[in-house]
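> Each chain, letter by letter, is given below.
Number of protein chains: 2
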Amino acid sequence: MSQFDNAAVSAHLSHVRIVMVNTTLPANIGSALRAMKTMGLSRLVLVAPKTYPHPDIDALAAGASDLIAQIEIVETLEQAIQDCHLVFGTSARSRTIPWPLLDARPAAEKSMQAVVQQQQGIAVVFGREDRGLTNEELALANYHVTIPVNTDYGVLNVAQAIQVICYEMRMATLQLIEKTESTEQQMPVTDTESMQWDEPLVTHAQMEQFYPHIEKMLQDIEFLDPKNPRLLPLRLRRLFGRIQLDRMEYHLLRGIFSRVQALTHGTWKKSTDQEDQSDA
Amino acid sequence: MSQFDNAAVSAHLSHVRIVMVNTTLPANIGSALRAMKTMGLSRLVLVAPKTYPHPDIDALAAGASDLIAQIEIVETLEQAIQDCHLVFGTSARSRTIPWPLLDARPAAEKSMQAVVQQQQGIAVVFGREDRGLTNEELALANYHVTIPVNTDYGVLNVAQAIQVICYEMRMATLQLIEKTESTEQQMPVTDTESMQWDEPLVTHAQMEQFYPHIEKMLQDIEFLDPKNPRLLPLRLRRLFGRIQLDRMEYHLLRGIFSRVQALTHGTWKKSTDQEDQSDA
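Chains as they are written, first to last, in the working numbering: chain P, 1 to 280; chain R, 1 to 280.
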């Protein structure tokens, strides 16, 4: 994802608040801020924190001190979420009565769709370190959200859970923006392997000159028998077809083929035959 | 995702190793183990850790002590990845020359497809806390992998980065299993991206014999100047690193290199010089 739309991503993510209920360890608040800032979120609401303020918050939030200044402190979960449209309660499992339950990824997709399309306010609520959210608190949520973990272990701490949720919120935002842009521009390249390449990739037409060249070179060194090529040409196509050569690589390889051909035709000779064995 | 297939998920994830290079803080090793275990990964390889063992590792890895017992310690990154098929180097940005770069999500999808379909060995390599991986270390990777973060801040520490990567590995595994199950119930589909390969893919260790061979051959035909190789060796690594050669292709290419070398050394001569021009 390019840098230019970082501000747009952060603007969308400013509609998402992270709510921490009755947090005991200030270090977890600091880690949460850092996790948030890394992913572009900015609003943290603390519901009746046990210890606040505390130097551990500043220590763990290294570099995210601007977010510390914006922290909102409230007394009840109700106050923290009252102006939100969509509230997610984090829960290891559903309790009492089944609740609409989403994994982190679809929850983030749903959230950011609501933000991008309707500027809705989103809250993701995290519970106490030792026992999470109460049934009453979970009942205030539209959805419960869970992170699919190793069920034989499954002890993601609150800071780790916030990290994953914030990551998914960012990913969902990036995907929505990409999707919007690609719809607008009809079809720019949406390659999953989007690499910032230094050279343009070669076209199919160029590759159709490449294969005859490598085959001719292999004939010249009698590695390929034109009367009985077997699967060799096909294997070469499969091999080089899955690389997607860039222009420089293409010319590099064709240069090598030409050198080998010149060697076999005697039109090019080594300058330094005596060095042959020394560095073998 | 339901609980019943947790063991299957962990079995797939046992093919993925996390490699930490020259880690300074034992707490980061402990946090990494916890992040891994939460997501079902089990193999941690430490390359020359600065401090090991240390009580902080056990403290931070709370509940993941079985993984501590399985930690492998090696001296070099080469040793850590030699039997792997697909190596990812984590990097905030690409250096020197651009390398195939994947975001965490497609990287995890590519990895777990390779595991589920071909039992490939995967390594994700994380660098030092202060300065990441060196260019030389990054050049050993098939792909570089990056986590899309807030570009105005972007200081994910190594434990957080491992958390996100492990989470994506688990998500990719769950999705593949889900897809397989739903496909099995419907019809056998041939996925274009994932073909049943006829030959096993070569390991990192085999490729470390491949690169010296192609370089020596290029020296023999004076295409590569050993005193001034410029970016050529790096470009070759990048090019062949992203193909993932299978065993037959590997021997095919090395056979071609050897033939060219024999030609330059005069130990092999063409049988049919007179045909040279006729089919040019």
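Wrong hints could be hidden among the right ones.
If chains are identical, the list can't say which one is meant, so a pair holds when it fits in one copy or spans any two.
The calculated lysine-lysine pairs, modelled on DSSO-like cross-linking and capped at a C-alpha distance of 27 Å, are [said to hold, decoys possible]:
#1 K270 with K110
#2 K50 with K227
#3 K227 with K270
#4 K269 with K227
#5 K269 with K179
#6 K110 with K216
#7 K270 with K50
#8 K179 with K270
#9 K110 with K227
#10 K216 with K269
#11 K216 with K179
#12 K50 with K216
#13 K50 with K269
I should point out that these hints are in silico values taken from the structure, not numbers from a laboratory. Fair warning: this is a prediction, and the values are worked out from it, not measured in the lab.
> Confirm or reject each hint.
Checked hints:
1. K270 with K110: neither (44 Å within a copy, 44 Å between copies)
2. K50 with K227: This pair counts as neither: shortest intra-copy Cα distance 35 Å, inter-copy 61 Å.
3. K227 with K270: Between copies only: 17 Å across chains, 31 Å inside a chain, cut-off 27 Å.
4. K269 with K227: Between. Shortest inter-copy distance 20 Å satisfies the 27 Å Cα cut-off; intra-copy 29 Å does not.
5. K269 with K179: Result: close neither inside a copy nor across copies, 54 Å intra and 57 Å inter.
6. K110 with K216: neither (32 Å within a copy, 35 Å between copies)
7. K270 with K50: neither (57 Å within a copy, 49 Å between copies)
8. K179 with K270: Neither. Shortest intra-copy (53 Å) and inter-copy (57 Å) distances fail the 27 Å Cα cut-off.
9. K110 with K227: Answer is neither: 38 Å inside a copy and 39 Å across each miss the 27 Å cutoff.
10. K216 with K269: both (20 Å within a copy, 17 Å between copies)
11. K216 with K179: Neither. Shortest intra-copy (45 Å) and inter-copy (44 Å) distances fail the 27 Å Cα cut-off.
12. K50 with K216: neither (36 Å within a copy, 54 Å between copies)
13. K50 with K269: Answer is neither; intra-copy 55 Å and inter-copy 52 Å both fail.
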